[in-house]
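Asks: The whole structure should be built from the sequences, with the hints applied where relevant.
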Amino acid sequence: MGETEAEIQAEPRPQRQSASASLAGGRPEEIFRSLWASVFYAAPEAPRSVLVCSANRQEGATTVACALALAGAGSVAAPGGESGPDRVVLVDLNLHNPAVHKQLNLSDGGGVSDVLVGEKPLADVLRHVGPGKLDVLTVGTRRDRLLEVLRQDRVRDFLADLERHYGHVIIDTAPANMYPDAQVLAGVVRSAVLVAQSQQTARESLQVARKCIEAGGGKVLGVVLNMRTFPIPRFVYRRV
Amino acid sequence: MAPADSTRTRRELARVIFSRLVGMIVILVVVLASALATSYFAPWRYRSRVMMLARAGAGQATLEGRATLRERLSLFVVTQRELVRSDPVLAAALMKFHDESPSGPRGADGVQSYSPKQVEDYISANVGKLAVARRGVRVQTPGGTAAAFSQTYTITVEWPEDRSLAQWPTGTTRSEAANGAQKFARCLVEAYQRYRRELEIEQTRQNARFLKGPAAVVAKEELDEAAVELEAYIASDLKGDLLLVESMLSGISEMGFASLRTTFQAKINSADARLEELRILVREVAAELAKDQKKDGKGVQVSLPADTLKAKPSMIKLTDAIAQLRMELNKLNPRFTEDYKTLKQTQEELDLNLADLYTALDRQKQQLDLEIATLGAHREKLRDLVKEDEARISVLASKASKYKRLKQTFDNLQGIYNTRREEAAAAAKAAAQALEPLEVMQVGTPSLPASSSPHRPIIWLNVVIGLLAGIVLALTYAFLADHFDHSVKGIGDVETHVGVPVLASIPRIRRRIIRAS
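Residue numbers (the working numbering), protein chains in the order written: chain A, 49 to 288; chain B, 8 to 524.
The set of hints was computed from the structure by calculation and includes no laboratory data. Beta carbons: idealized from backbone N, C-alpha and C, even for Gly. Hints should not be assumed to be uniformly reliable.
[Said to hold, decoys possible] Going by beta-carbon spacing under 7 Å, a handful of chain A positions derived as facing chain B: (1) A69; (2) S70; (3) C114; (4) Q151; (5) N153.
[Said to hold, decoys possible] Simulated restraints, written as ranges between beta carbons of each label pair: (6) A:P228 - B:R15: 37 to 45 Å; (7) B:R15 - A:G265: 33 to 41 Å; (8) B:T483 - A:Q255: 25 to 33 Å; (9) B:H493 - A:P228: 19 to 27 Å; (10) A:Q255 - B:R15: 21 to 29 Å; (11) A:R75 - B:R463: 57 to 65 Å; (12) A:R212 - B:H493: 40 to 48 Å; (13) A:R75 - B:H493: 26 to 34 Å; (14) A:G74 - B:R15: 25 to 33 Å; (15) B:L28 - A:G265: 44 to 52 Å; (16) A:S155 - B:L28: 40 to 48 Å.
Replies: The structure is reproduced here in C-alpha cells:
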C-alpha cells in the first residue's frame with residue numbers, strides 16, 4: 049500500500065470533472081442540510097466518517113447517502129476545485145447492489161474496489177461532481193473479489209488516507225440484515241446512520257440491524273425515517 | 008399535560024383510520040352491496056289468510072262456568088297452533104296441493120284421505136320442504152277481549168314468488184304465486200280439520216276404554232274388604248281397649264306401664280324385707296321359750312332378745328321384778344332358817360312372775376306369727392297383681408300390632424282408591440267433553456292476496472343495518488390491521504422500539520430529489 053499512499057499524497061486531486069449534480073431546492077435541500085448538521089456537527093466529538101446503510105434492500109439508503117453528500121458539499125461556502133478539510137467524499141462500498149453511479153449519472157469505470165485490491169491508484173478513480181466540493185468513488189470493477197475488498201486493515205488504511213485529504217467521508221454500504229458488509233465496515237468506520245422506510249421497515253428489523261452494527265464495533269448515531277407519509281388529511285389534522 | 012395527551016390519542020385514532028381508509032371503504036361497500044342485493048333478490052311473498060272460530064257447544068256453556076270455559080278455549084287455541092304446524096298436517100296439505108292421489112280410507116263425508124303410511128313416507132322424504140312450508144305458516148290470535156264462548160284465530164300462509172334470475176325482471180309468476188298462497192291455505196285448513204277430527208275420535212275411544220276398565224272398581228272392593236275387617240276386629244277384640252291401644256301406638260303409655268311395674272316391685276321388695284325381719288324375731292323368741300321350759304326356770308338367766316324387750320314394756324317390768332326378787336333371794340339365803348318363810352314367799356312370787364313372763368312371750372309369738380301370715384298373704388297378692396298386669400300388657404301389645412297392620416292396609420287402600428276415583432272422574436269429564444267438543448269452524452274462505460302488493464324485505468332498513476355492520480367491520484379491520492402491523496410509522500415508534508434517535512424524517516417526495524447531468 050505504500051506506493052498508493054505516496055501517489056495519493058502527491059496527487060490527491062481528481063483530474064476530471066465527469067459530472068455535475070445538485071439537490072432539488074426547497075424542502076429536500078433543507079432536510080438534508082439539517083441531517084448533515086445533526087450527523088457531523090451535533091456532538092462535540094462528532095465523527096468525520098459515517099456509514100449509511102439500511103436494514104433491508106430498497107429502503108433508500110443510497111439516495112439518502114447521495115443527497116446527504118450533495119447537501120454537505122453544496123453548503124460549503126468555498127468555491128469548487130480547491131483542496132481542503134471541508135471537502136466531501138462519497139464512497140460506494142455497496143458491493144452487492146451498487147447504485148451511486150446511477151444516482152449521479154456517472155459511468156462506472158473504476159472505483160474503490162480497484163483501489164482496495166491494489167490495482168489502481170486512488171487518484172485515477174476519484175471523480176469530481178460539481179458544482180460543490182464533492183468527490184465520488186464509485187464501486188469499481190473488482191466487485192467479485194469481495195473478501196479482499198473487505199479486509200479490515202486495507203479499509204482502515206484507505207479510510208485514514210481519505211480522512212487526511214477530506215473533511216467528511218460518507219460511505220454507502222449494503223443492507224445490514226442481508227450482508228455482513230455493514231458489520232465489517234462498522235469496525236472501521238465506527239459511526240453509522242440507519243435508513244428506515246416508514247410503513248415498511250419492521251421495528252424488529254431495525255433492532256436486528258442496530259445489533260449487527262453494534263456487534264461489529266460501531267455505533268448507530270440515529271435513524272433516518274425515509275418516505276414518510278402523513279395519512280391524516282391536513283384539514284382533519286388541524287381539527288384533532 | 009392532559010390536553011396534549013388527548014390530542015395525541017385523537018391523532019393516533021385518526022392515523023389508524025386514515026391510513027387504512029381504502030380497505031375500510033372496500034369493506035363498507037361490499038357489506039352494503041351484499042345487503043342491498045340480498046334484500047333486492049329476496050323472494051317476494053304473498054299472504055293468504057283464513058279465519059277460524061273455536062266455540063263451545065251449547066251444552067258446555069251451561070255445564071261449565073264462564074271463566075273455566077274461556078281458559079279452556081285459550082288453551083285450545085294455543086294447542087291448535089302446534090297442530091296446524093305439525094308434520095302430518097303440513098304433509099297432507101302439501102300432498103293435496105301437489106294433487107297427489109290419496110290411498111287412505113274414504114271418510115264419512117265421502118272424501119278419500121291420505122293413509123298414515125303415505126303421510127309418513129312423505130314426511131321422511133320431504134323434510135326440507137316441510138321446514139320451508141312451516142316457516143310460512145303462522146297461527147295468530149287477535150288481541151283484545153275475547154268472547155266468553157268463542158275465540159277466533161287466523162291461519163296465515165306465506166307463499167314465495169319465484170324471482171330467480173331466469174324470470175328477472177319481468178316476474179311473470181306473480182299471479183301464480185298469489186293463487187298458490189290461496190290454494191295452499193285451503194289445503195292446509197282442510198288437512199288440519201281432518202287431522203283434528205281424527206285426534207278427537209281417538210281421544211274419545213281412549214277415554215271410553217279407561218272408564219270401562221276395572222281399576223277403580225277393584226280398588227273400591229279391596230278398600231271395602233279392609234274396612235270390614237278392621238271394624239270387625241275393633242268390635243270383637245279391642246272393645247274398650249281401643250283408646251289405650253291407640254295411645255300405646257302413639258307411644259304415650261309406654262312409660263306409664265313401666266313405672267307401674269317398678270312401683271309394684273318396690274312394694275313386694277319392702278314386704279319381703281319386713282317378713283325376713285319378723286322371721287328372725289320369731290325364731291329367737293321360740294328358742295328362748297324352749298330353753299326355759301327345759302330347765303324349769305330356777306336360777307336361770309332369762310336372756311331375752313333386745314328387740315323383744317323394746318317391743319314390750321310390760322315384759323321389761325317383769326324382767327326387772329325377776330332380777331330384784333333374785334337379788335332378794337340371794338340376800339335372804341344366809342338368813343334361810345329364820346327367814347324361810349320369807350324365802351318361800353319370795354320363791355313363790357318369783358315363780359309367779361316367771362309364769363307371767365312366759366305367758367307374755369307366748370302371746371307375743373302368736374302375734375308375730377299372725378303378722379307374718381298377713382304379710383305373706385299381702386305379698387302373694389301383689390305378685391299376682393304384677394303377673395296379671397304383665398299378661399294384660401302383652402295381650403294389649405299383640406292387639407296393637409294387629410290393629411296397626413289393619414289400619415295401615417286400610418289407609419293404603421284408601422289412597423289408591425282416591426287416585427283411581429280422581430282418574431276416573433277426569434276421564435269421565437274428558438269423555439263428556441269429547442262427546443260435546445269445542446267446535447272449530449272456518450269463517451269465510453282463504454283470502455286471495457293481491458298480486459300487485461307482495462310482502463318484501465324493507466330495503467332501506469336492510470341498507471341501514473348493512474351500513475352499521477359495515478362501519479363496525481371496517482373499524483375492526485382497521486384496528487386489527489394496525490395492531491398486527493409492526494412497521495415503523497413515526498418518530499415515536501423508532502425511539503420506543505429501537506432505542507436510537509431519529510436524525511431526520513424525510514417525507515415521500517414524488518419528484519427526483521437529485522438532479523444529475
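Asks: Hint by hint, note whether the structure agrees.
Replies: Now for the hints, and whether the structure bears them out:
1. Here the hint on A69 of chain A is kept, as its CB sits about 4 Å from the closest CB of chain B, short of 7 Å.
2. At a threshold of 7 Å, the smallest CB-CB gap from S70 of chain A to chain B is about 5 Å, leaving the interface hint in force.
3. For C114 of chain A, the interface hint holds, the least distance from its beta-carbon to any beta-carbon of chain B being 6 Å, beneath 7 Å.
4. Here the hint on Q151 of chain A is kept, as its CB sits about 6 Å from the closest CB of chain B, short of 7 Å.
5. Checking N153 of chain A against chain B by beta carbon gives a least distance of about 4 Å; that is within 7 Å, so the hint holds.
6. Judged by the Cβ atoms, the range 37 to 45 Å given for P228 of chain A and R15 of chain B holds: they are separated by roughly 40 Å.
7. Remark: the range hint 33 to 41 Å for R15 of chain B to G265 of chain A is upheld by a beta-carbon distance near 38 Å.
8. Remark: the range hint 25 to 33 Å for T483 of chain B to Q255 of chain A is upheld by a beta-carbon distance near 29 Å.
9. A beta carbon spacing of about 24 Å between H493 of chain B and P228 of chain A agrees with the range 19 to 27 Å that was offered as a hint.
10. For Q255 of chain A paired with R15 of chain B, a C-beta distance near 24 Å keeps the hint of 21 to 29 Å intact.
11. Under the hint 57 to 65 Å, the C-beta atoms of R75 of chain A and R463 of chain B, about 59 Å apart, fit the expected range.
12. For R212 of chain A and H493 of chain B, the Cβ-Cβ distance of about 44 Å falls inside the hinted range of 40 to 48 Å, so the restraint holds.
13. Range check, R75 of chain A to H493 of chain B: Cβ separation about 29 Å, and the 26 to 34 Å hint holds.
14. Evaluation of the 25 to 33 Å hint for G74 of chain A and R15 of chain B yields a pass: the beta carbon distance comes to about 30 Å.
15. Range check, L28 of chain B to G265 of chain A: Cβ separation about 45 Å, and the 44 to 52 Å hint holds.
16. At about 45 Å, the CB distance of S155 of chain A to L28 of chain B agrees with the hint of 40 to 48 Å.
Of the numbered hints given earlier, the model fails none.
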